[in-house]
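Undergrad: Start counting the sequence shown at 1; every next residue gets the next number (the numbering used here).
The hints are simulated quantities; they were obtained by calculation from the structure and are not laboratory data.
Given the structure is predicted, the values throughout are model-derived calculations rather than measurements.
Any given hint could be a false lead.
Here are the simulated lysine-lysine pairs, DSSO-like style, with alpha carbons at most 27 Å apart [what the hints assert, rightly or not]:
no., residue 1, residue 2
1, Lys210, Lys178
2, Lys76, Lys45
3, Lys76, Lys60
4, Lys103, Lys80
5, Lys35, Lys45
6, Lys35, Lys60
7, Lys106, Lys76
8, Lys54, Lys178
9, Lys35, Lys210
10, Lys60, Lys45
11, Lys76, Lys35
12, Lys80, Lys35
13, Lys80, Lys106
14, Lys195, Lys35
15, Lys106, Lys45
16, Lys45, Lys210
17, Lys103, Lys60
18, Lys195, Lys178
19, Lys106, Lys60
20, Lys54, Lys35
21, Lys106, Lys35
22, Lys106, Lys54
23, Lys45, Lys80
24, Lys76, Lys103
25, Lys195, Lys210
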Amino acid sequence: MSGFYSYNRIDETHAQYRMVIGERSNGKTYGALLKAVTNYIENGKQTAYIRRYKEDFVGKRGNTLFAAIVSDDWVKRLTKGEWNNIVYYSSAWYLAYTEDGQKTIKDETPFCYGFSINDMEHDKSTSYPNITLVIFDEFLSRGFYLSNEFVLFENVLSTIIRQRNDVVIYMLGNTVNKMSPYFSEMGITNIRDMKPGDLDVYSYGESELKVAIEYADP
Numbered sequence: 001m002s003g004f005y006s007y008n009r010i011d012e013t014h015a016q017y018r019m020v021i022g023e024r025s026n027g028k029t030y031g032a033l034l035k036a037v038t039n040y041i042e043n044g045k046q047t048a049y050i051r052r053y054k055e056d057f058v059g060k061r062g063n064t065l066f067a068a069i070v071s072d073d074w075v076k077r078l079t080k081g082e083w084n085n086i087v088y089y090s091s092a093w094y095l096a097y098t099e100d101g102q103k104t105i106k107d108e109t110p111f112c113y114g115f116s117i118n119d120m121e122h123d124k125s126t127s128y129p130n131i132t133l134v135i136f137d138e139f140l141s142r143g144f145y146l147s148n149e150f151v152l153f154e155n156v157l158s159t160i161i162r163q164r165n166d167v168v169i170y171m172l173g174n175t176v177n178k179m180s181p182y183f184s185e186m187g188i189t190n191i192r193d194m195k196p197g198d199l200d201v202y203s204y205g206e207s208e209l210k211v212a213i214e215y216a217d218p
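Full structure from sequences and hints, please.
TA: Dropping the structure here:
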């Protein structure tokens, strides 16, 4: 991944919320999805993949979300050949083994679940105690945000995290919208002055939570 975005700097902050903003196709999402795969293979822990709308990860988009990770043989290498593929089924992603492009056998347990902010009411009664990584992809919008979107996002996190403190939340954005509700609600006051390469850390309200935001280099 030389020449692509590295999570090393922002991970060193140990912030619970880690925002990464910058231009599209610089490796932000690829790196986060690789973290999801590694988190399960090495630690047995699961990931929540969040988008604003369910349509952003169902069907063909769900089937191809991890395609680059599979194409680069990360699954095969990390599992030493036990699995070589990733399949999507019913808003979740599973490690799988596909033999000669034909028969596919999938793992019994998903390593990643899909959540949508506008559909969060359907997930409120389910427990996810094994999720320790959250990826909110495209959290910045070029168009409109949902009504009370920040509250809905926090409700999704509440459903996933409950009372635990072992979850890291990555928020990835491909455009800097200065009017984003996430910046104002989370106390990100210096966003207008940030330049590529900058990394700031904020305290989140009166709590001990920290929010780190990095403006990734092109």
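Undergrad: All the hints need checking, so say for each whether the structure fits it.
TA: Here's how the hints hold up against the structure:
| no. | hint | result |
| --- | --- | --- |
| 1 | Lys210 <-> Lys178 | holds, 20 Å |
| 2 | Lys76 <-> Lys45 | holds, 18 Å |
| 3 | Lys76 <-> Lys60 | holds, 23 Å |
| 4 | Lys103 <-> Lys80 | holds, 19 Å |
| 5 | Lys35 <-> Lys45 | holds, 11 Å |
| 6 | Lys35 <-> Lys60 | holds, 22 Å |
| 7 | Lys106 <-> Lys76 | holds, 14 Å |
| 8 | Lys54 <-> Lys178 | holds, 25 Å |
| 9 | Lys35 <-> Lys210 | holds, 20 Å |
| 10 | Lys60 <-> Lys45 | holds, 25 Å |
| 11 | Lys76 <-> Lys35 | holds, 15 Å |
| 12 | Lys80 <-> Lys35 | holds, 17 Å |
| 13 | Lys80 <-> Lys106 | holds, 16 Å |
| 14 | Lys195 <-> Lys35 | holds, 26 Å |
| 15 | Lys106 <-> Lys45 | holds, 17 Å |
| 16 | Lys45 <-> Lys210 | holds, 22 Å |
| 17 | Lys103 <-> Lys60 | holds, 19 Å |
| 18 | Lys195 <-> Lys178 | holds, 13 Å |
| 19 | Lys106 <-> Lys60 | holds, 18 Å |
| 20 | Lys54 <-> Lys35 | holds, 22 Å |
| 21 | Lys106 <-> Lys35 | holds, 20 Å |
| 22 | Lys106 <-> Lys54 | holds, 23 Å |
| 23 | Lys45 <-> Lys80 | holds, 18 Å |
| 24 | Lys76 <-> Lys103 | holds, 16 Å |
| 25 | Lys195 <-> Lys210 | holds, 21 Å |
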